[in-house]
Structures are given as C-alpha cells and as structure tokens.
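Same order as they appear, the protein sequences are chains A and B. According to my numbering, the first sequence is numbered sequentially starting from 1. According to my numbering, the second sequence is numbered sequentially starting from 1.
Bear in mind the hints are in silico, worked out from the structure with no lab data behind them. Please note: incorrect hints may appear among the correct ones.
[As the list claims (entries may be wrong)] Examples of chain A residues lying across from chain B (beta carbon under 10 Å, computed):
1. Y113
2. P118
3. M120
4. Y141
5. Y162
6. K184
7. S185
[What the hints assert, rightly or not] Estimated spans, in silico, between C-beta atoms of each pair:
8. E192/B - N61/A: 45 to 55 Å
9. K60/B - R172/A: 38 to 48 Å
10. R64/A - R231/B: 47 to 57 Å
11. D173/A - Q42/B: 16 to 26 Å
12. K133/B - G24/A: 51 to 61 Å
13. T67/A - D31/B: 45 to 55 Å
14. D173/A - K133/B: 52 to 62 Å
15. V114/A - E72/B: 28 to 38 Å
16. G24/A - I247/B: 28 to 38 Å
17. V114/A - S162/B: 32 to 42 Å
[To be verified] Cut-off 30 Å, straight-line C-alpha distance, at most; resulting in silico cross-link-like pairs (DSBU-like, lysine-lysine):
18. K7/A - K91/B
19. K60/B - K13/B
20. K41/B - K129/A
21. K41/B - K21/A
22. K7/A - K38/A
23. K218/B - K104/A
Virtual Cβ for every residue (Gly too), placed ideally from N, Cα, C.
Spelled out, the chains give:
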Amino acid sequence: MDVAIIKYNAGNIMSVELALKRLGVNATITADPDFIRKADRVIFPGVGEASTTMAYLREHNLDRLITSLKQPVLGICLGLQLMCSHSEEGDVDCLGIFPENVKKFIPAPGQEYVTKVPHMGWNSISNLKSDLFDASLENQYVYFVHSYYAAAGDDTAATCNYITPFSAALQRDNFYATQFHPEKSGPIGARILENFINLKAR
Amino acid sequence: MLAKRIIPCLDIKDGQTVKGVNFVNIRNVGDPVELGALYAKQGADELVFLDITATHEGRKTFVDLVKRIAREINIPFTVGGGISELEDAGKLLAAGADKISINSSAVRNPQLIDDLAKNFGSQFVVVAVDARKKPEHWAVTVNGGRIETDKELFGWAKEAESRGAGEILFTSMDHDGTKNGFANKELAQLSESLSIPIIASGGAGNMEHFVDVFTKGKADAGLAASIFHFREISIPDLKSYLRQQGIVVR
Numbered sequence: 001m002d003v004a005i006i007k008y009n010a011g012n013i014m015s016v017e018l019a020l021k022r023l024g025v026n027a028t029i030t031a032d033p034d035f036i037r038k039a040d041r042v043i044f045p046g047v048g049e050a051s052t053t054m055a056y057l058r059e060h061n062l063d064r065l066i067t068s069l070k071q072p073v074l075g076i077c078l079g080l081q082l083m084c085s086h087s088e089e090g091d092v093d094c095l096g097i098f099p100e101n102v103k104k105f106i107p108a109p110g111q112e113y114v115t116k117v118p119h120m121g122w123n124s125i126s127n128l129k130s131d132l133f134d135a136s137l138e139n140q141y142v143y144f145v146h147s148y149y150a151a152a153g154d155d156t157a158a159t160c161n162y163i164t165p166f167s168a169a170l171q172r173d174n175f176y177a178t179q180f181h182p183e184k185s186g187p188i189g190a191r192i193l194e195n196f197i198n199l200k201a202r
Numbered sequence: 001m002l003a004k005r006i007i008p009c010l011d012i013k014d015g016q017t018v019k020g021v022n023f024v025n026i027r028n029v030g031d032p033v034e035l036g037a038l039y040a041k042q043g044a045d046e047l048v049f050l051d052i053t054a055t056h057e058g059r060k061t062f063v064d065l066v067k068r069i070a071r072e073i074n075i076p077f078t079v080g081g082g083i084s085e086l087e088d089a090g091k092l093l094a095a096g097a098d099k100i101s102i103n104s105s106a107v108r109n110p111q112l113i114d115d116l117a118k119n120f121g122s123q124f125v126v127v128a129v130d131a132r133k134k135p136e137h138w139a140v141t142v143n144g145g146r147i148e149t150d151k152e153l154f155g156w157a158k159e160a161e162s163r164g165a166g167e168i169l170f171t172s173m174d175h176d177g178t179k180n181g182f183a184n185k186e187l188a189q190l191s192e193s194l195s196i197p198i199i200a201s202g203g204a205g206n207m208e209h210f211v212d213v214f215t216k217g218k219a220d221a222g223l224a225a226s227i228f229h230f231r232e233i234s235i236p237d238l239k240s241y242l243r244q245q246g247i248v249v250r
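Using the sequences and the hints given, assemble the complete structure.
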C-alpha cells in the first residue's frame with residue numbers, strides 16, 4: 001500500500017511518518033502530484049499558520065490537488081482547519097471540503113487565566129461517528145495543541161469540549177480529519193491511524 | 001475536560017539518564033529511550049529530556065538520542081539543555097522533538113524566545129525558569145541554579161509569555177530535591193497571572209504533593225524525576241490516586 005504524506009511548509013511532518021512506521025507502514029513524504037494522486041492513502045498533516053499555509057498550497061497547486069482526491073485522506077491539526085471553509089487565523093478562505101468555519105478560542109470573561117489558550121494537552125473525544133473510530137475509542141484521551149477550532153457541524157465525527165464544544169474530528173465522504181494529533185496520542189492514536197489505514201474501500 | 005499532565009523528567013549525560021539531588025551527586029538510572037518508553041506505557045502524559053552534557057561530542061550524542069526517542073516514543077516530548085541559538089533548536093526539531101525548553105540562554109538573550117516562536121511556533125517553545133527566594137523577591141537563577149540574576153520570577157515569566165513562550169516550566173530551587181512538596185503559592189500566582197500553561201517542578205515527594213500542585217498550585221502539569229526513577233511513586237498508582245481525589249487525569 002502506498003501512503004503519501006503531503007510535504008509542504010509545515011512543521012513536524014516526520015512524527016506522522018514515524019508513527020506509521022511503528023505500525024509497520026512505510027509512508028512517503030512527498031509533494032509529487034502524481035504520487036499523491038495514485039497513493040492508496042493520503043495524509044495532510046500540519047503545524048503552522050493558516051493564511052501563510054493556504055497561500056503556499058495555492059502557489060503550488062496543492063489546493064486543487066487535495067480537493068480532487070478520491071482515496072481516503074486524513075487531515076491532522078492544521079490540516080483539519082485548512083480543509084474547512086474559512087479560518088479566522090489570517091482571515092483566509094480555505095479548501096472548503098467541510099462547510100465548517102474555524103474560529104479562535106476566546107475564554108469567557110474572567111476565565112483568561114483558567115481556560116488557557118492554546119488548548120494544550122490530553123482531552124477526551126466523544127459522540128464518535130465515523131469509521132475512523134470504533135466503539136472502544138469513545139471518551140478516550142488524545143493529545144491536542146491548538147488555538148483555533150472548527151465549530152461543531154454536520155460533518156462532525158467526534159466532539160471535544162474546551163471553552164465550547166468543538167469538532168475533534170470531521171468526516172465527509174473520503175475526507176477525514178482530526179484536530180488532535182493521533183501520531184502523538186499513545187496507543188489510542190495508533191489505533192486511529194491503524195483504522196485509517198485499514199478503511200474499507202467506499 | 002482537559003486532563004492535568006504528569007511529566008517525568010530525564011536528565012541525560014553522554015546518552016545516559018542521570019538525576020542529581022539539588023543538581024549534584026549524580027546516579028545512573030539507565031537508558032533514556034527504554035526508561036522513556038516505559039513511562040509512556042505506564043501513562044506519562046509527556047516526557048522531558050534535559051541534556052546536561054557540556055561537551056561537543058556529548059551534544060552530537062544527544063541529537064542522535066532525540067532521533068531514537070522520536071522513533072520509539074508515541075507521546076509528546078520536550079528536549080532542553082544547551083540550546084542557545086536558532087540552529088540548535090532547528091536540529092532538535094529535525095531530529096523529531098515536539099518542543100524545546102530554554103533556560104539560561106533566554107535569560108541572557110530574551111530575543112531568542114521571540115526568534116524561536118516566530119520560526120517554529122509558540123507551541124514549540126517552553127521557557128524554563130529556575131528561581132530562589134530572596135528577602136526582596138524570587139530571584140531567577142541560571143546555570144542550574146549556580147548563578148543568581150537581577151531578574152525577578154513573576155516579571156520574567158510575564159516577559160517570556162509576551163515574547164512568545166508557549167509554556168512556562170517553573171522550578172523552585174528552594175523546593176527542588178527536598179521532597180517536601182511544590183512551591184504552590186508561587187505556582188498559583190504564576191498560573192493566575194499568565195494565560196499560558198504552567199508546568200510545576202521541584203519538590204515532589206509523595207502523591208499528595210501532586211494533588212496540592214493541581215489544586216493549591218493551580219498548575220497545568222506536574223514534573224518530577226527521582227521519585228519516578230527510583231520507583232518511589234509509580235505513574236499508574238499516581239494517576240489512580242489523583243482520579244480518586246477528583247482531579248481529571250488521562
């Protein structure tokens with residue numbers, strides 16, 4: 001099986017590759033459109049800023065490539081946010097795969113020093129509805145680091161609660177995305193990556 | 001609910017784990033990757049690896065070690081020690097580190113915090129602050145507590161936040177190694193004046209101290225070394241005790 005990890009100007013792509021390697025899956029970090037188009041699985045990871053990353057994707061025609069993919073695609077963290085419709089980070093229109101909008105966490109008045117931003121650390125995911133998850137993953141803890149979130153909507157595949165309920169995962173057709181980092185979420189994250197690799201053909 | 005984090009800290013010299021009491025008297029406690037993987041399996045939420053090697057060869061060994069850690073360990077980890085330039089941090093990021101921690105170098109050159117945050121993002125930058133109580137204020141120290149500076153703890157932590165630090169790791173030099181509990185009063189004051197997470201370090205001696213650091217100290221994470229390395233507290237026991245006490249843990 002060919003697994004492509006899309007290479008672009010984002011940090012910490014290697015940890016996804018290493019997590020897959022621990023599952024016995026050799027992935028290829030690449031920006032080659034042909035390889036990505038033909039791969040059995042595509043992972044769109046990301047740590048970075050939304051508007052500069054979107055500009056990079058457009059400049060390299062990766063925006064059209066990603067939205068045209070037919071195989072299972074997994075966006076992670078910023079990847080999830082860029083697959084949404086619009087992000088408040090840099091006020092930028094994104095790929096529009098999911099109709100949800102990405103907003104900044106704003107603590108309730110007086111809670112600025114209690115509910116800190118970024119949302120950093122382990123939090124639980126619930127209301128799971130996607131073949132990315134199985135029943136054993138309900139209410140399990142996964143690792144998050146983010147200051148922006150996708151609101152809950154029609155495509156929400158898992159919710160998490162921090163300041164407000166938000167989309168911990170999204171799914172529409174062949175497009176999957178997690179706000180958390182499965183590659184850093186211990187055995188639970190490994191299970192989710194394994195589920196993605198093992199998805200049945202749709 | 002966001003869980004409180006338990007973070008074992010591993011001091012590394014020439015590729016081996018060590019831990020000093022009050023930063024002297026070092027005892028070997030094994031291979032860092034093996035120990036780190038064991039802690040991850042037991043439920044540690046993150047790991048910190050601090051390189052206390054001073055030599056050039058030791059630094060190279062550490063970068064190789066970071067690569068091994070990234071391959072083997074499936075939870076986030078921070079590396080620190082001897083990072084004084086962007087290039088050092090870049091090498092550690094490339095080796096697979098999730099975060100770096102800077103301490104003395106940030107005190108000497110605060111602009112380093114801005115540069116690291118701008119280049120790699122705030123989530124990558126942990127500013128570690130070692131401080132000791134003086135009659136007039138809590139004095140920030142450098143070089144493992146050996147040198148006192150003019151900086152004052154709360155002002156410096158605030159400055160680090162505004163320069164782009166993603167987290168503050170505060171070690172009270174008065175509590176470190178004592179096993180009498182964390183500096184909860186100062187931790188609470190830090191937590192209530194900053195909007196970034198606070199990692200508490202120094203003074204953990206029993207499980208009750210972790211309850212206190214999360215309730216009284218209002219810390220987001222508790223870090224300790226020797227009590228874990230010498231198996232005085234096991235992480236699964238600590239987690240279940242915290243859960244019984246109503247603290248949200250993973």
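Each hint, compared with the structure:
Among the interface hints, the one on Y113/A holds; its C-beta lies about 5 Å from the nearest C-beta in chain B, closer than the 10 Å criterion. For P118/A, the interface hint holds, since its Cβ comes within 10 Å of a Cβ in chain B; the closest pair sits about 6 Å apart. Because the smallest distance between the Cβ of M120/A and any Cβ of chain B comes to about 6 Å, under 10 Å, the interface hint for this residue holds. With a least beta-carbon distance of about 4 Å to chain B, the hint placing Y141/A at the interface is held under the 10 Å criterion.
Given hint, Y162/A at the interface with chain B, holds; its Cβ is 6 Å from that chain's nearest Cβ, closer than 10 Å. Interface hint status for K184/A: upheld, as the beta-carbon distance to the closest one in chain B is roughly 5 Å, under 10 Å. The restraint placing S185/A at the interface with chain B holds, with a minimum CB-CB distance near 7 Å, inside the 10 Å limit. Checked against the hint of 45 to 55 Å, the C-beta distance between E192/B and N61/A comes to roughly 48 Å, which is consistent with it.
At roughly 47 Å, the beta carbons of K60/B and R172/A sit within the given window of 38 to 48 Å. Between R64/A and R231/B, the C-beta spacing of about 56 Å keeps the proposed range 47 to 57 Å intact. Checked against the hint of 16 to 26 Å, the pair D173/A and Q42/B fails, with Cβ atoms roughly 40 Å apart. For K133/B paired with G24/A, a C-beta distance near 53 Å keeps the hint of 51 to 61 Å intact.
Between T67/A and D31/B the beta carbon distance is about 46 Å. The supplied range of 45 to 55 Å therefore holds. Roughly 60 Å separates the CB atoms of D173/A and K133/B, a value that falls within the hinted 52 to 62 Å. For V114/A and E72/B, the hinted distance range of 28 to 38 Å is satisfied, since their beta carbons lie about 36 Å from each other. A hinted range of 28 to 38 Å for the beta carbons of G24/A and I247/B is consistent with their spacing of about 37 Å.
Take V114/A and S162/B: their Cβ atoms lie about 19 Å apart, and the range 32 to 42 Å is violated. Restraint check: the Cα-Cα separation between K7/A and K91/B comes to about 19 Å, which is no more than 30 Å; the hinted pair holds. A distance of roughly 12 Å separates the Cα atoms of K60/B and K13/B; the hinted pair therefore holds under the 30 Å criterion. A distance of roughly 28 Å separates the Cα atoms of K41/B and K129/A; the hinted pair therefore holds under the 30 Å criterion.
This hinted pair checks out: K41/B and K21/A have alpha carbons roughly 18 Å apart, not beyond 30 Å. Proposed proximity of K7/A and K38/A is supported: the alpha carbons are some 16 Å apart, at most 30 Å. For the suggested pair K218/B and K104/A, the alpha carbons sit about 24 Å apart, so the restraint of at most 30 Å is met.
Against the hints set out earlier in the document, violations occur for numbers 11, 17.
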